[in-house]
Amino acid sequence: MILNIHPGLSILAGILVVAVLAWAFWPKNGLFALIDRLRMNSRRVLLEDALKYLFDCEYKNIDCGLHSIAGNLNISADQATKLLDRLRAMGLISMKDQSFQLTDSGKSYALRVIRVHRIWERYLADETGIDQMEWHGAADRKEHRMSAEAADALAAQIGNPVFDPHGDPIPSAQGELPEHKGRPLSSLEEGAIARIVHIEDEPHTIYEQLVALGLYPGMQVYVLDVTNGKITFAADGEECVLTALFAASITVEELPEQEPLSTKATLLSTLKIGESAEIVGISPHCRGQQRRRLMDLGIVPGTPVTAELRSASGDPTGYRIMGATIGIRKSQADFIFIEKKEKHADEQPA
Amino acid sequence: MNSQHDCENCPVHHRENLIRLGIAMDRVDYVVALAGNPNTGKSTVFNNLTGLRQHTGNWPGKTVTRAEGGYSYGEKRYKVVDLPGTYSLLSTSTDEETARDFILFGRPDVTVIVADATRLERNLNLVLQVLEITDRAVLCLNLMDEAQRNHIEIDERNLSAELGIPVIPAAARQKEGMPELIAAIGEVASGRYVCQPHRLKSRSPKLNHAVSTLAEKLAAQFPGLPNLNWVALRLLEGDQSIIDAVRTGELGKLSTGILSPQS
Amino acid sequence: MAKKQQSENEDILSLANSLRWELGVDFHDTVIESIYADASRIARKTVRTEGEKPAYNWDFKIDRIVTSRWLGFPIMFLLLAVVFWITVSGANYPSGLLAELLIDTLHPVLKNGATAIGMPWWLSGVLVDGAYLSMAWVIAVMLPPMAIFFPLFTLLEDFGYLPRVAFNMDSLFRRAGAHGKQALTLSMGFGCNAAGVIAARVIDSPRERLIAIITNNFSLCNGRWPTQILIATIFIGGAVPAHWAGLVSAGAVVGIAVLGIFFSLVVSWGLSKSVLRGETSAFSLELPPYRPPRILQTLYTSLIDRTIFVLWRAIVFAIPAGIVIWLVANIHIGDLSLAEHFIRWADPFALFFGLNGVILLAYIIAIPANEIVIPTVLMLTVLSTGMHEMGEGAGVMFELDSIADTENILRAGGWTLLTGLNLMLFSLLHNPCSTTIYTIYKETHSAKWTLVATLLPIVLGLIVCFFTAQLWLLFFSTAEAVG
Chain B
1 MILNIHPGLS ILAGILVVAV LAWAFWPKNG LFALIDRLRM NSRRVLLEDA
51 LKYLFDCEYK NIDCGLHSIA GNLNISADQA TKLLDRLRAM GLISMKDQSF
101 QLTDSGKSYA LRVIRVHRIW ERYLADETGI DQMEWHGAAD RKEHRMSAEA
151 ADALAAQIGN PVFDPHGDPI PSAQGELPEH KGRPLSSLEE GAIARIVHIE
201 DEPHTIYEQL VALGLYPGMQ VYVLDVTNGK ITFAADGEEC VLTALFAASI
251 TVEELPEQEP LSTKATLLST LKIGESAEIV GISPHCRGQQ RRRLMDLGIV
301 PGTPVTAELR SASGDPTGYR IMGATIGIRK SQADFIFIEK KEKHADEQPA
Chain X
351 MNSQHDCENC PVHHRENLIR LGIAMDRVDY VVALAGNPNT GKSTVFNNLT
401 GLRQHTGNWP GKTVTRAEGG YSYGEKRYKV VDLPGTYSLL STSTDEETAR
451 DFILFGRPDV TVIVADATRL ERNLNLVLQV LEITDRAVLC LNLMDEAQRN
501 HIEIDERNLS AELGIPVIPA AARQKEGMPE LIAAIGEVAS GRYVCQPHRL
551 KSRSPKLNHA VSTLAEKLAA QFPGLPNLNW VALRLLEGDQ SIIDAVRTGE
601 LGKLSTGILS PQS
Chain L
614 MAKKQQSENE DILSLANSLR WELGVDFHDT VIESIYADAS RIARKTVRTE
664 GEKPAYNWDF KIDRIVTSRW LGFPIMFLLL AVVFWITVSG ANYPSGLLAE
714 LLIDTLHPVL KNGATAIGMP WWLSGVLVDG AYLSMAWVIA VMLPPMAIFF
764 PLFTLLEDFG YLPRVAFNMD SLFRRAGAHG KQALTLSMGF GCNAAGVIAA
814 RVIDSPRERL IAIITNNFSL CNGRWPTQIL IATIFIGGAV PAHWAGLVSA
864 GAVVGIAVLG IFFSLVVSWG LSKSVLRGET SAFSLELPPY RPPRILQTLY
914 TSLIDRTIFV LWRAIVFAIP AGIVIWLVAN IHIGDLSLAE HFIRWADPFA
964 LFFGLNGVIL LAYIIAIPAN EIVIPTVLML TVLSTGMHEM GEGAGVMFEL
1014 DSIADTENIL RAGGWTLLTG LNLMLFSLLH NPCSTTIYTI YKETHSAKWT
1064 LVATLLPIVL GLIVCFFTAQ LWLLFFSTAE AVG
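Here the protein sequences line up with chains B, X and L, keeping their order.
Per the working numbering, the very first residue in the first sequence carries number 1; after that it's consecutive.
Per the working numbering, the very first residue in the second sequence carries number 351; after that it's consecutive.
Per the working numbering, the very first residue in the third sequence carries number 614; after that it's consecutive.
Note that these hints are calculated values from the structure, not bench results.
A couple of the hints might just be wrong.
Think about it this way: if two alpha-carbon atoms lie no more than 27 Å apart in a straight line, the pair counts; the simulated DSS-like pairs of lysine-lysine are [what the hints assert, rightly or not]: (1) Lys-658(L) with Lys-603(X); (2) Lys-230(B) with Lys-272(B); (3) Lys-107(B) with Lys-181(B); (4) Lys-1055(L) with Lys-330(B); (5) Lys-52(B) with Lys-142(B); (6) Lys-603(X) with Lys-426(X); (7) Lys-330(B) with Lys-886(L); (8) Lys-330(B) with Lys-340(B); (9) Lys-567(X) with Lys-556(X); (10) Lys-525(X) with Lys-551(X); (11) Lys-142(B) with Lys-886(L); (12) Lys-181(B) with Lys-551(X); (13) Lys-142(B) with Lys-1061(L); (14) Lys-340(B) with Lys-230(B); (15) Lys-886(L) with Lys-724(L); (16) Lys-658(L) with Lys-340(B); (17) Lys-1055(L) with Lys-567(X); (18) Lys-272(B) with Lys-658(L); (19) Lys-52(B) with Lys-107(B); (20) Lys-1055(L) with Lys-551(X); (21) Lys-340(B) with Lys-674(L); (22) Lys-525(X) with Lys-567(X); (23) Lys-617(L) with Lys-603(X); (24) Lys-616(L) with Lys-567(X); (25) Lys-426(X) with Lys-525(X).
Since the structure is predicted, the reported quantities are computational estimates derived from the model, not experimental observations.
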């Protein structure tokens, strides 16, 4: 009978079973995740990645040779040759004086993959709050397994976005994509005012540091100084220094007639109970549904706000906004910029 | 209590005229949509009109499924559709989609917007959005009793002139203002009161340009559409149901029936 | 013609797309800002506020107290405790009355009537002892507490207090990756899990709503309280000196409920870190002004919308289950009934988890309502031990007035302190009742999430019971525990 097993032994066995179960279902490195990853057709992944890369080269007017393809996909030149031969046999690319060109069907294939990638990034950014360092990697996996129909359905659900969170345009379902515009930040001169339209998310190490600096698409930059291959600029009022290599990862659009933003606003979360202020804006890091919800509640520039009460557990704070008390978590109040008013301005007559 | 008595003698109140139909709606003349922010007493207004007892808690989105009821007034039968309570109509949440699509595609003869008189500015956000979609609306300024207690005075005539729709002060919990509301709904439904709804103007030049470019195209394709700018704006926002309506040509149907009452 | 029109429609859409690319990312903000600009212009023109605001100040004063650092939580626990106390104590009498009417009086009448009109024994067994009796149990045990709990809860809701609970509790749920409003679905779940699942509608983020739905079963519902109290009184209370018995057994029940909240938070955390990943999306919570609730309307609507609704669903599931219960006890293969076969087969396996075959079978066939678990357990124990002088016969669920008699039956069935403890744990951690499962499916429209919500608690329950049993065996003498 199993009852005769020593309890100590069975406890050990139980712990083992639980551990195995936990491992099996573990989301990232678990058994099922592993099986799932193995099931992904690696040949197809390689093929699609190659198409994507070739498309990117054409879009940005860069020449792509065999070696850059091999380097980008992390395969040997030999394998790259075989891969390109296969693409040619499938009618996806053609050769024109030593360089490769996408055929029409190759282009539309690439656009489909890019569309899924960018929609997924946008979805992650808007709806999940998953850390932005993970968007690209997750989308790189998703783009090979999500069907075009599923991507369309997801896009419809999140309001058919036309830009991904890095500022890149999302190709339409019909395969349209606007012209490449903007120029690298490294090409700006002293005194120029521009808006970041895109931050390249590859290579990852550079992207990581740019994000750590707090740069984001839509941010205004004001170039203060260009010397020795280094560019110094004010981004939303804070000074940044980048080497040319880093600055090349940032695409900007010049804004000819505009005053540089200089004031760094205070955060709503710093408002003490009983204090009043005026809302200046919402951080661009607050996206999608979350941003819309806040605006729907009246958090728009110019609205007066008073911190009214703190929750018994300290976190959400109730703010009086347009006659209603709205509970907002600190993590969200950190996204809201305010300008504190003079003390006597909002006091009620005694 | 007292004011309720007074109203028995109001010219608009004909007790025998109002018959609450509950959910018996086999034949209706007019469809009335009920929109409003959460916590404005929308369900109380709904229950007052229809005689039903719908419960909604103090939460946004409690009315997840559409509630319907009916009443009959002045020989006409009205169907009332209670839309989910929302702060806005611009987001992609299910609640707001339901409300937005019903006001646009359901083509209600009248849309009653229930607003909290103590927080008018906040509620006007939704009111202005509804007025972008439809040109037949009535504003029910609910919770007037609370507003009075808070010493808030609202210039209803001025408000009505600004919005271009009838504005009816009410206190639905005390059943005050309901006869006037019913009368106003009747006026708008029958076309005796012609609304001239407030439409938004102040936007960035860049956006105005995009909206008008698109609206021009829409006007050519779907002549007679009453809310061109709004449809154009929704297309720019990537609203899937509008995209589908353009693709299938369904949008064209909205242009024909909206000026005359639904038969 | 139609073709041309269609291509023109597509042209409009592609024009819209290229305009959007030109417009850039954030024009939505401009739209909302322009609406608010108009709104504030109109409001300035038409609204005039004079003097102080008494009503607002009144709200403000209440809020200051109920959300205060020192009083906020005590007030909340006190109010919820009062609600539960009124529910549990107030339901006793009407429940007894209903049981006397439906079970003690009407059941024999029906049984005799069936015999009088010459109905075959198996048919009257299926209909009267099976279908009717399980329905009667469900009504008698379920209706009174719900009819008390829901209106009380709704009154708190209508008054405007519940949003403050969410406001106070939010930071706890935020750390678990969930929404503050889950505090409400959780407390609603103490009344009835199906109602708690429906209440999750107030959470607008789909991800957090799903977390609230899946974890709702960890709230010890009304149907499980009597089981907990009975078993705690017999086994936990019986294990300590008599003058401590009451306090200790009450503490054990509360402990189980608190354990449920603990599991609710831990599982929420686990889900939000794994399959339902992603931080909280859009937390915002309006704290509406306090309004005096309208008592009569609240009574009416909470009775119709919640009590009758849930009760009806439970009855619909209880009737077929009653038939199944009767059949497994009465269909024989060889010398033994189906039930006995299963119990013998499952016993060794179940004992490994510190339970027994009767408990497993009872939880399988009493899936429609937790309320009928104890009657089923008693019936099956009598059946499997052959104590035919007790009970009402094969397939007829029963309960006893005397706790001592109940204890005798259970002890004769081989129950020990460990069995009692593990039953309490398993009663907390097992699949939701069929009404709740059905409601989860209705609310999520997803077979996958319904399956997760159903299986997750059982797996957890088996794990917890297993470790409890084995640790017990490790620390106390094997012979005593297994008996």
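Outcome of the hint check:
no.: 1; hint: Lys-658(L) with Lys-603(X); result: violated (38 Å)
no.: 2; hint: Lys-230(B) with Lys-272(B); result: violated (41 Å)
no.: 3; hint: Lys-107(B) with Lys-181(B); result: holds (19 Å)
no.: 4; hint: Lys-1055(L) with Lys-330(B); result: violated (35 Å)
no.: 5; hint: Lys-52(B) with Lys-142(B); result: holds (14 Å)
no.: 6; hint: Lys-603(X) with Lys-426(X); result: holds (25 Å)
no.: 7; hint: Lys-330(B) with Lys-886(L); result: holds (20 Å)
no.: 8; hint: Lys-330(B) with Lys-340(B); result: holds (18 Å)
no.: 9; hint: Lys-567(X) with Lys-556(X); result: holds (17 Å)
no.: 10; hint: Lys-525(X) with Lys-551(X); result: violated (37 Å)
no.: 11; hint: Lys-142(B) with Lys-886(L); result: holds (19 Å)
no.: 12; hint: Lys-181(B) with Lys-551(X); result: violated (31 Å)
no.: 13; hint: Lys-142(B) with Lys-1061(L); result: holds (21 Å)
no.: 14; hint: Lys-340(B) with Lys-230(B); result: violated (36 Å)
no.: 15; hint: Lys-886(L) with Lys-724(L); result: violated (55 Å)
no.: 16; hint: Lys-658(L) with Lys-340(B); result: holds (26 Å)
no.: 17; hint: Lys-1055(L) with Lys-567(X); result: violated (43 Å)
no.: 18; hint: Lys-272(B) with Lys-658(L); result: violated (31 Å)
no.: 19; hint: Lys-52(B) with Lys-107(B); result: holds (9 Å)
no.: 20; hint: Lys-1055(L) with Lys-551(X); result: violated (44 Å)
no.: 21; hint: Lys-340(B) with Lys-674(L); result: holds (25 Å)
no.: 22; hint: Lys-525(X) with Lys-567(X); result: violated (47 Å)
no.: 23; hint: Lys-617(L) with Lys-603(X); result: holds (18 Å)
no.: 24; hint: Lys-616(L) with Lys-567(X); result: holds (17 Å)
no.: 25; hint: Lys-426(X) with Lys-525(X); result: holds (22 Å)
Figure legend: structure checked against the earlier numbered hints; hints not met, in rising order: 1, 2, 4, 10, 12, 14, 15, 17, 18, 20 and 22.
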